[in-house]
Amino acid sequence: MNAADFRIALVGLPNCGKTALFNRMTGSRQRVANYPGVTVERKEGYYESASWRRYRLLDLPGTYSLTPTTLDEAITRDVALGRLTSEPRPETIVLVADATHLPLSLRLALEVKRIGLPMIVVLNMTDLARKRGFTIDCGRLSKELGTPVIETVAVARGGADALITHLDSLPSDFLATPPTMEWREPSAEDVQQTHTEAARILAASGYREPARSEFITAADRVLLHPFFGLLVLGMLLFFVFQAVFTWAALPMDLIDAGIASIAEWVRGSMPDGPLRSLLADGIIAGVGNVIIFLPQIVILFAFILALEDSGYLPRAAYLLDRVMGSVGLSGRAFIPLLSSFACAIPGIMATRTIPSPRDRLTTIMVAPLMTCSARLPVYALLIAAFVPDRDIGGFNLQGVVLFALYFAGVAGALLVAWVLKKFRGGSDTHLLMLELPDYQWPRFGNLAFGLWERARLFLARAGGIILALMVVLWFISTYPAPPAGATGPAIEYSFAGRLGQTLAVVLAPIGFNWQISIALIPGLAAREVAVGALGTVYALSGDEDVVSTALSTVIASQWGLATGLALLAWYVFAPQCLATLAVVKRETNSWRYPLIITAYLFGLAYLAAFATYRIALWYSVG
Amino acid sequence: MVGRRVPETHSANENDPQLHKRGGLSDTLPMTDLTQPPTTLSGLRAGQSAVVDRIDADDVLARRLLEIGFFPGASVELVASLWPARDPVAVRVSGATFALRRKEAERVKIR
Numbered sequence: 001m002n003a004a005d006f007r008i009a010l011v012g013l014p015n016c017g018k019t020a021l022f023n024r025m026t027g028s029r030q031r032v033a034n035y036p037g038v039t040v041e042r043k044e045g046y047y048e049s050a051s052w053r054r055y056r057l058l059d060l061p062g063t064y065s066l067t068p069t070t071l072d073e074a075i076t077r078d079v080a081l082g083r084l085t086s087e088p089r090p091e092t093i094v095l096v097a098d099a100t101h102l103p104l105s106l107r108l109a110l111e112v113k114r115i116g117l118p119m120i121v122v123l124n125m126t127d128l129a130r131k132r133g134f135t136i137d138c139g140r141l142s143k144e145l146g147t148p149v150i151e152t153v154a155v156a157r158g159g160a161d162a163l164i165t166h167l168d169s170l171p172s173d174f175l176a177t178p179p180t181m182e183w184r185e186p187s188a189e190d191v192q193q194t195h196t197e198a199a200r201i202l203a204a205s206g207y208r209e210p211a212r213s214e215f216i217t218a219a220d221r222v223l224l225h226p227f228f229g230l231l232v233l234g235m236l237l238f239f240v241f242q243a244v245f246t247w248a249a250l251p252m253d254l255i256d257a258g259i260a261s262i263a264e265w266v267r268g269s270m271p272d273g274p275l276r277s278l279l280a281d282g283i284i285a286g287v288g289n290v291i292i293f294l295p296q297i298v299i300l301f302a303f304i305l306a307l308e309d310s311g312y313l314p315r316a317a318y319l320l321d322r323v324m325g326s327v328g329l330s331g332r333a334f335i336p337l338l339s340s341f342a343c344a345i346p347g348i349m350a351t352r353t354i355p356s357p358r359d360r361l362t363t364i365m366v367a368p369l370m371t372c373s374a375r376l377p378v379y380a381l382l383i384a385a386f387v388p389d390r391d392i393g394g395f396n397l398q399g400v401v402l403f404a405l406y407f408a409g410v411a412g413a414l415l416v417a418w419v420l421k422k423f424r425g426g427s428d429t430h431l432l433m434l435e436l437p438d439y440q441w442p443r444f445g446n447l448a449f450g451l452w453e454r455a456r457l458f459l460a461r462a463g464g465i466i467l468a469l470m471v472v473l474w475f476i477s478t479y480p481a482p483p484a485g486a487t488g489p490a491i492e493y494s495f496a497g498r499l500g501q502t503l504a505v506v507l508a509p510i511g512f513n514w515q516i517s518i519a520l521i522p523g524l525a526a527r528e529v530a531v532g533a534l535g536t537v538y539a540l541s542g543d544e545d546v547v548s549t550a551l552s553t554v555i556a557s558q559w560g561l562a563t564g565l566a567l568l569a570w571y572v573f574a575p576q577c578l579a580t581l582a583v584v585k586r587e588t589n590s591w592r593y594p595l596i597i598t599a600y601l602f603g604l605a606y607l608a609a610f611a612t613y614r615i616a617l618w619y620s621v622g
Numbered sequence: 001m002v003g004r005r006v007p008e009t010h011s012a013n014e015n016d017p018q019l020h021k022r023g024g025l026s027d028t029l030p031m032t033d034l035t036q037p038p039t040t041l042s043g044l045r046a047g048q049s050a051v052v053d054r055i056d057a058d059d060v061l062a063r064r065l066l067e068i069g070f071f072p073g074a075s076v077e078l079v080a081s082l083w084p085a086r087d088p089v090a091v092r093v094s095g096a097t098f099a100l101r102r103k104e105a106e107r108v109k110i111r
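First to last, the sequence lines map onto chains U and D.
Each residue of the first sequence is one higher than the one before, starting from 1 at the first, in the numbering used here.
Each residue of the second sequence is one higher than the one before, starting from 1 at the first, in the numbering used here.
Because the hints were derived from the structure by calculation, they are not lab data.
Even for Gly, the Cβ is constructed at its ideal location relative to N, Cα and C.
Worth double-checking, as some hints may not be accurate.
[As the list claims (entries may be wrong)] Examples of chain U residues toward chain D, derived with CB under 7 Å:
hint, residue
1, A188
2, V222
3, P226
4, D321
5, L432
6, L436
7, L604
[Said to hold, decoys possible] According to the in silico footprint, chain D covers these stretches of chain U (three or more CB under 8 Å from chain D):
hint, region
8, 288-296
9, 322-334
[Unchecked claim] Simulated crosslink set (DSS-like; lysine-lysine; CA at most 27 Å straight-line):
hint, chain 1, residue 1, chain 2, residue 2
10, U, K421, D, K109
11, D, K103, U, K422
12, U, K143, U, K43
13, U, K143, U, K131
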């Protein structure tokens, strides 16, 4: 950080468009890290104005007031008050007020103004508000508030220009004015008084409240309805899982064909030897079998991002609050848990918005049970191998099984949360108090950017950690070479083969053969690696004939149905992700919880796989 | 804004067979007495409006309710509530909609 930078902090209500404004002003010049010692995300960005002045923007967590109820809100207060030793106090505060939501925004502005820092009030989303009949006299508002008032449309190109020009027009010493420091926590009377004052200022500035959109009112009548709301939510989730299978089929076939032809080409154009084996059996069979799931992951994320953008997610949290409450979870746990369907890591980090530490811990404990996207390749492979692709009652059977697996994860999470509640007692004060923001059409640019990020991350993983693990796995599956006169496939004599056979002793009761046992080990680093590992193991142990057929066909012919189902059940619970455990360690700041999570998940996975295997065997025999 | 309430004419008419039916129900079931206007936010039905009277006590919960707009004199409208126990509820206040658990909604006294 340059000492001459102007330090600006963005403060505002949740969903006020603060982050959109931050992105608009700083573009890609952002740095995301954590505040030291706490797990609150710190977003900082820079921009340089036309007059060569450098600004450093800090995007503070959204809050309704300076009396915090969560870790995030406490950070906003502490940074604004200059209480953090690690964070120089901002020189000015840009208070982002949502024009469609002005009374609460102005109340916050009045509260923030009392801390004595120079402040600029930014009226955001004025375009949307005007369409609904919103009016205000900005000059008058500015006079009444005693701060500059600037209009922005953060989501539009050039929408922040007015603010940038204003900041630039300020004399250099304006921003450097040493603030007066007399602040006390607002009392209930203070809050009441700021409400009254905000109402007075609005009345004096000719404020007309934007009309509530008919569409939103009508949509909420259905979507928040005790019966139809839940029905729509259930149908929506079901549709998503159907789409993940049916829409992805074509692009997956194309990728599959592409990978197969590359492997063919490598085999045909290289002399037989270790290098050819490494390329074809290790890298192409391993990494290719993971990349093939990119379309499904993109589709799943497209739905999650669109739902997030639309404002529907908090409503889903509202609808499911009773269910969550009955097992001792806060309704607020819904959004972290839903994020965990994409990946448990952002999900666990999102638990910071849960006020009660106990509820937060319970949410962290069950988050790994939500079916993350890394499990999708495993499920997809096994379903393709063992579940017939046919319609039952108009639904794709494979999609139905996938939905059932996701449901099993959720049911497991509810069960574990319930046990934890019995075990430790739930907290007495579950806060829901969740804002249901206005619906918005998801913006295409936003969606495309989010999807690109996810796809890039997935491919980077496939090219990085997964590639590296595949090379290691290829090596230990190839060496030592079989002794002269050996009869079985070479891999059975390798390190991996022996290791797999040892592990298979423990895993045999749940129906796993030694090939699966090997694949589970690199799968600890990331679940989807197990699929690539199976690809490599079978590529190395089979003859040419096996190699050219799809992995799902190979395992369908080599495993019994009971084994396939048992492995599915295993993956519903198994804690096969070191990164998640590392995040749990960081978020809870102790080894205790990651260890408990590992133990209970392995226990559940073993039990579930055992039960599934035995029941399936019994059925197929009887 | 004038709040719509439960029609009070019902409680005046002792011979209303509808009322007896309802009264009988509320004897056996833990239901809100429909003959009395509700005294807290959680007593409102979907579509009904009222005015906030006060929030008792001053703890974290009360403070946050106050901050998000449930101050004395604010008008509130119940947008929706879930079966079976009207928990949670969705409430419109100060130009925003909030989901509240029943325990939270009960803290807001209305008139």
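Going down the list of hints, with the structure as the test:
For the restraint placing U/A188 at the interface with chain D, the shortest Cβ-Cβ distance is roughly 5 Å, inside the 7 Å limit, so the hint holds. A hinted interface residue such as U/V222 counts as satisfied when its beta carbon comes closer than 7 Å to some beta carbon of chain D; here the least separation is about 10 Å, so the hint is violated. Given hint, U/P226 at the interface with chain D, holds; its Cβ is 4 Å from that chain's nearest Cβ, closer than 7 Å. Contact between U/D321 and chain D, as hinted, is supported at the beta carbon level, the nearest pair being about 5 Å apart and thus within 7 Å.
For U/L432, the shortest C-beta to C-beta distance to chain D is roughly 4 Å, which falls under 7 Å, so the interface hint holds. This hint holds: U/L436 has a C-beta 4 Å from the nearest C-beta of chain D, less than the 7 Å allowed. A cut of 7 Å between beta carbons decides the hint on U/L604: the least distance to chain D is about 30 Å, and the hint is violated. Evaluation of the coverage hint for the region 288-296 of chain U: breached, as 0 residues show C-beta separations to chain D shorter than 8 Å, against a requirement of three.
Residues of the region 322-334 of chain U with a Cβ under 8 Å from some Cβ of chain D number 3, which satisfies the need for three, so the listed coverage holds. Taking the CA atoms of U/K421 and D/K109, the gap is near 31 Å; set against the 27 Å cutoff, the hint is violated. A threshold of 27 Å between alpha carbons decides the hint, and for D/K103 with U/K422 the separation of about 21 Å falls inside it, so the pair holds. For a cut-off of 27 Å, the pair hint linking U/K143 to U/K43 is broken: about 32 Å separates their Cα positions.
Taken as a hint, the U/K143 and U/K131 pair is honoured in the structure, with Cα atoms around 25 Å apart against an allowance of 27 Å.
Comparing the model with each earlier hint shows violations of hints 2, 7, 8, 10 and 12; every other hint is respected.
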